[in-house]
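Use the sequences and the hints to build the structure in full.
Number of protein chains: 2
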Amino acid sequence: MIAKSQKHWTGDVHDLLRVGDGFVLADVDPRETPGYMKDKVHAADDLAAGSVQLDEYQERLFARSRVDATNASVLLVLQAMDSAGKGGIIRHVVGSVDPQGVALAAFKKPTPEELEHDFLWRIEKRLPEPGIIGVFDRSHYEDVLIGRVRELAPADEIERRYSAINEFEKKVADAGTRIVKVMLHISPDEQKERLMERLERPDKHWKYNPGDVDERELWPKYMAAYQTVFERTSTEHAPWYVVPADRKWYARLAVQHLLLEALEDIDPQWPAATYDVEAEKKRLAAS
Amino acid sequence: MIAKSQKHWTGDVHDLLRVGDGFVLADVDPRETPGYMKDKVHAADDLAAGSVQLDEYQERLFARSRVDATNASVLLVLQAMDSAGKGGIIRHVVGSVDPQGVALAAFKKPTPEELEHDFLWRIEKRLPEPGIIGVFDRSHYEDVLIGRVRELAPADEIERRYSAINEFEKKVADAGTRIVKVMLHISPDEQKERLMERLERPDKHWKYNPGDVDERELWPKYMAAYQTVFERTSTEHAPWYVVPADRKWYARLAVQHLLLEALEDIDPQWPAATYDVEAEKKRLAAS
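If you read the sequences in order, they're chains B and Y.
Once you know that position 136 of the first sequence is 136 in the UniProt record's numbering, the rest is easy, because the numbers rise by one and skip nothing.
Once you know that position 111 of the second sequence is 111 in the UniProt record's numbering, the rest is easy, because the numbers rise by one and skip nothing.
Do not rely on the hints blindly, as some may be mistaken.
As the list claims (entries may be wrong) - Straight line, CA to CA, 30 Å or less: simulated DSS-like cross-link-like pairs of lysine-lysine:
(1) Lys170(Y) <-> Lys171(B)
(2) Lys125(B) <-> Lys109(Y)
(3) Lys125(B) <-> Lys125(Y)
(4) Lys171(B) <-> Lys108(B)
(5) Lys170(Y) <-> Lys221(Y)
Just so you know, the hints here were simulated from the structure itself, not pulled from any lab data.
Note that the structure is predicted; figures quoted are calculated from it, not measured.
What follows is the structure, encoded as structure tokens:
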């Protein structure tokens, strides 16, 4: 499926980026731009056009949820290595939607209270309401990524979590939420360049954390943990998409497109009036 | 004070719109555009320029809060009659800021749980974190506006609330939050036109509520309740601004300007690195 009037794609982005059987993360080149026929120069215009569509789709979704009490919502799950561009996706893709239609949840190191509960406890509380586009900046997948790499939980608990995630996401999807899981995939070299830029620019110093360099040594372990995540949790109701992200402009266009597809699939229509329009016109005119 | 490079204002918006001693709401013409020297045609460009400034200020505020553990934040309180343009302010002014830097709270009819607590209980929970621009779409002022007009609480309880609000806001301001309270002021005729448009356009039908016409009959009572709010709660630490809002483009520019002023007054600077920048460059290069 290609989102309406998204004519700049040569292929089906959904299929090109989706994690299916036999997927191998190591085979994905983070510098590629699968399915996009044009270049960076045109990407800005295409992103702007998509922004208008995304905003209208979300408003329709919201309107329907208010009038028809439908449960449809969208949940974008963003996972990535540091500096891969999650923030840029939120700013430039999600930021084009009316703030009233977006619910953003950033999951950081769990608090002591959160650690007392099951790992999905804090996640469930932040699921989007009907009509809303929810965005998870990191998510329950941290508990099988850093959780696995840094051995923050026993091996059998990590193992248990994959099925717990699948069951949880199935329940969420069945309740009306379209789940779009995205891993922004950058190369270690690109990350090095981006971190170096943070060191070179005083207005970016605050974004740099010396711990980021230590994490780089664990890169292969993280990639292995992602590979396992993809094998165990890319399902029909909650598929993973691996988006090559060395080129920021491509990653933004691709994620925007995945969101547009999810909304197009829901196809929300403006709801009909639940009152007598002509009678109300008369009442209002007389008021 | 005029926000830097906001050269299109002829007067001090802050002073022109601020509710001071002797303020009379009935004397404000909702069609006026105080302090703005240009017209609608230029307003879009000026709003776009301000958007860039607002976004950068907020990022600086956020950066400082992360590194220096400062408490500064901004809280925009929006109150208005239906269709006055709160949603437009959120979409077009607040929407220009990175979604990661904004916390939006819409206060609707209180839930049974909320009604069991003091009226400020639900408000306190939604105050912005350091570094964030909080936006209240309606607020604790509903409890002395509709609360008063529709007699939802005894008269002495309503009376008590004005001082409770002042004490509460003083505490919030002392803790580092710059409070900007805005009433978007439209005329009954303009409201009628806007509601009629909702009835005329199928994509706006969902925004119309027959109860809106009933509320119109209470207009003078609402204006009297607002006048009392202004007299009792426009303080040094949390001033009210009445923004003429019959012209949407003016109201958006004016609110943007008030936010810019609040941020300029905080004047957040990019924080210095808390690590050895040169040493980190070497570590990173070697990684």
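In rising order, the numbers of the hints this structure does not comply with: Checked against the structure, the only hint that fails is number 1, while the rest are satisfied.
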